[in-house]
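Position chains W and X relative to chain L; hints supplied.
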Amino acid sequence: MIVGERKPMEEIEAMIDPFEKIIVLGCRECVTVCSAGGEKEVGILSAALRLSREQKGRTIEIKEFALERQCDHEYIEQIRSMVPNYQAVLSMACGAGVQFVAEFYPEIPVLPAINTNFIGVTEEQGYWTERCQACGNCVLHLTGGICPVSRCSKSLLNGPCGGSSDGKCEVNKEIVCGWQLIIERLKSLGQLERYEEYIPIKDWSTSRDGGPRKVVREDLRL
Amino acid sequence: MSEESFEPKIVAFCCHYCAYTAADLAGSMRLQYPPNVRIIRLPCTGKVDVLHLLRAFEDGADGVYVAGCMEGDCHFINGNFRAKKRVHYAKKLLDEIGFGGDRLEMFNMSAAMGPRFAEVAKEMVERIKKLGPSPIKKAKAQKGGDES
Amino acid sequence: MKSASRLEKVLEKGEFAVTSECGPPRGADAEVIRKKGELLRDVVDAVNVTDNQTSVVRMSSAASCFILKGMGLDPVLQMVTRDRNRIAIQSDILGAAAVGVNNILCLSGDHQVFGDHPKAKNVYDMDSIQLIHSVKTMRDEGKFIEGEEIKPPPKLFIGAACNPFADPFEIRVPRLAKKAAAGVDFIQTQCIYNLDKFEEWMKGVRDRGLHEKVYILAGVTPMKSVGMAKYMKNMVPGMDVPDEIIERLKGVDKEKRAEEGIKICIETIQRLREIEGVSGVHIMAIEWEEKVEEIVKGAGLYPRPQV
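Residue numbers (our numbering), protein chains in the order written: chain L, 15 to 236; chain W, 0 to 147; chain X, 842 to 1148.
With the rest of the complex left out, here is chain L (with noise of 0.2 angstroms):
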């Protein structure tokens, strides 16, 4: 799923400090799953706006809503009727999400509440990692499933580098050196043998330096 969290709150104030009307839009999906913009989210951020708001002697009108997901736009359309009312949407989406809502209300403002941050999973309740870069080019079949591009602070196709110590990365000794963990992975499999395997320089033409991607299935489109 996509990872995110809350932005300062003082950001956020800063961002809304010129409407009195808004909408603070959730999203019932991945920012849902990873508690950063879902409807709890909505709640929490919509209460400590008005706290924050009327001990400064203003007001503040917000209205609370999330949506199924803010990336699909049978979904934005429900809050057409609702949109002209307002002066501001504060979404707590991901950056796909917060976009595509302001493609549909050209009119009206439609702010980040979150940080995005990665594509990642939930190792435990609270907790967050990261898996994924969306490089366009899996070579997890190469590195025993697990990912260098994303794990390896270095994205080195060919590591570890010489500061793999005790297992951790150089960069920090709570990130696991993923070269290690690639390295240990091919070990239980049988195919330590493997890693002496060439990576040849990667095709990043398929990664965001491609320039921004699409995906088109013909046989689905209506």
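Worth flagging that the hints you see were computed from the coordinates, not collected in a lab.
If you're wondering where the values come from, they're calculated on a predicted model, not measured in any experiment.
Just so it is clear, CB atoms sit at the ideal spot from N, CA and C, and this is done for glycine as well.
Hints are supplied without guarantee of correctness; some may be wrong.
Claimed, not checked - Restraint-style ranges between C-beta atoms, simulated for each label pair:
#1 ASN131/L / LYS142/W: 36 to 46 angstroms
#2 GLN92/L / GLU987/X: 47 to 57 angstroms
#3 GLY941/X / GLU211/L: 31 to 41 angstroms
#4 GLU232/L / LYS1038/X: 52 to 62 angstroms
Just chains W and X, lined up with the frame of chain L:
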């Protein structure tokens, strides 16, 4: 509103298995504690949510506290630890918006600690008296003052 | 001969090679490079010029190499893949070769969080092994990474680093094999203090015949103080400093510790010369270039062969 005459409104989220019973006991023991405290009974402090704490302030509380079982004695094993973390999160949030995280607190006590219940109530009332009315009320009073 | 490198000639002749290092300044003063170069002239066969080491911005390695080349030294262009994509890397290689740089050392580079610009975006378009492969392709096949012809190709003697002490230990020899297969000509190792562990690694290297495919230059760094030894032991990832070294430095008077550090370094070199498969030493005297001559002479490696 002068500081002398300020009587804070305090909401106490109390666990049914400890603090709520302790409040009962304080009553049976004829212990005096300030009438500023409004008790909300919970099946466990693990039920408390950040949203409840913020809403209490929105609805006019000057101070809020959560009173759960002694650490290690939760009827539901770790509900009070969860409450502690949520209170901590909400305190931080209140600090972030400049409302003041010290208007919110977490306490632990057993069902047998009637005197402690009374003491905590007094402690919290004193703390909030020192802090003065909730910033929302202050702002409203200010506004009222400006208009008159 | 693959290049016009003096280092390559020394190694080809079977002489025990000596290289050292020159860290460029954090300013635009060429004099700093010239002074350091002067200290190393005739004392070593080739001089590495670090590439923004520890991710701290310094004068460019290529420009510094050019200055040293002008003084008649044989510089080794260090190249990290952290800061440049394949376009910039190949361009810098052509430029360096054009001004007479004959050696390159292919590295991934320290992560930028260590440096003075921790908010930087890193590049890592390729890793060090892919860089070795790319330089070899450029030199031997005369082709750019995408396969287009280079006229004329850059003739560089290709080096890489190897850390025999990093983790996981079991892949340290396979990793060298991978670099050898990618086309590296010489290796400079991480600083060696734990000679027993280094010998164990070298045995693994010899068992696979890797010492016959690549020249291995063993890395040494003289300790200036107990503080430096402790820092290297505890703070530098992948560094193995046995307690005996620290104890030995502690055992002498404070003002004699630097001298003792030099002595340890010389003894280490003498022991390294005895190890089969070690073709030379790489002396990294960090901001202590004036001591390299003393070390080289003390180790009986002076004068350097004329090639």
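Right, here's what the structure says about each hint:
no. : hint                                     : in the structure
1   : ASN131/L / LYS142/W: 36 to 46 angstroms  : holds (40 angstroms)
2   : GLN92/L / GLU987/X: 47 to 57 angstroms   : holds (49 angstroms)
3   : GLY941/X / GLU211/L: 31 to 41 angstroms  : holds (36 angstroms)
4   : GLU232/L / LYS1038/X: 52 to 62 angstroms : holds (60 angstroms)
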